[in-house]
Amino acid sequence: MSSWGYRTFEDGIACDWLEDLHDSDPIAFFEKCLDLTGLDYFDFLACVGVVCTAEMLRALKSGPRAGLPGAAVGWCEQHRDLDCRFLISRAIDAMKLILTNQSEMWVRWDDDADRFDCWCEHQQELIEDLKNALKDGL
-12 MSSWGYRTFE DGIACDWLED LHDSDPIAFF EKCLDLTGLD YFDFLACVGV
38 VCTAEMLRAL KSGPRAGLPG AAVGWCEQHR DLDCRFLISR AIDAMKLILT
88 NQSEMWVRWD DDADRFDCWC EHQQELIEDL KNALKDGL
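In the working numbering, the protein residues as written are -12 to 125.
Just so you know, these hints were derived from the structure itself, not from any lab. Hints are all accurate, no fakes.
Below, a list of computed lysine to aspartate or glutamate pairs in the EDC-like style, where the Cα atoms sit at most 16 Å apart:
{"#": "1", "residue 1": "Lys83", "residue 2": "Asp22"}
{"#": "2", "residue 1": "Lys19", "residue 2": "Asp7"}
{"#": "3", "residue 1": "Lys19", "residue 2": "Asp80"}
{"#": "4", "residue 1": "Lys83", "residue 2": "Glu108"}
{"#": "5", "residue 1": "Lys83", "residue 2": "Asp27"}
{"#": "6", "residue 1": "Lys83", "residue 2": "Asp30"}
{"#": "7", "residue 1": "Lys83", "residue 2": "Glu112"}
{"#": "8", "residue 1": "Lys118", "residue 2": "Asp80"}
{"#": "9", "residue 1": "Lys83", "residue 2": "Glu115"}
{"#": "10", "residue 1": "Lys19", "residue 2": "Asp30"}
Bear in mind the structure is a predicted one, so any value in this text is a computation, not a measurement.
All chains, full assembly: derive it from the sequences and hints.
In structure tokens form, the structure reads like this:
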């Protein structure tokens, strides 16, 4: 695994995802990343797209979590007015799919017994933060 920590952007592929976000239309990019339609198994790249999108939506709506890289924080500051609230429920649903054994990301982290619980807790916190952001916006 290319991860050096359990946080979202403590992974080489996630850092590449962030670079791709900088070069993309954010709404279209987020929508594509959250679209798991027709998949029975979620490969690692699809999982990275979901988790990174969820992390950025959380940062936009509730502020960045500890450990978010400066490039991500800067992007959020530049896009603070992005109308993306409608994507939050999709992100929650997609995150729930990632946290199953139908996800390559889950399987890889499950193999890392020392950090698996930290990773799971970090993802669950992200889901709860997104739920709260959704409630706060009502």
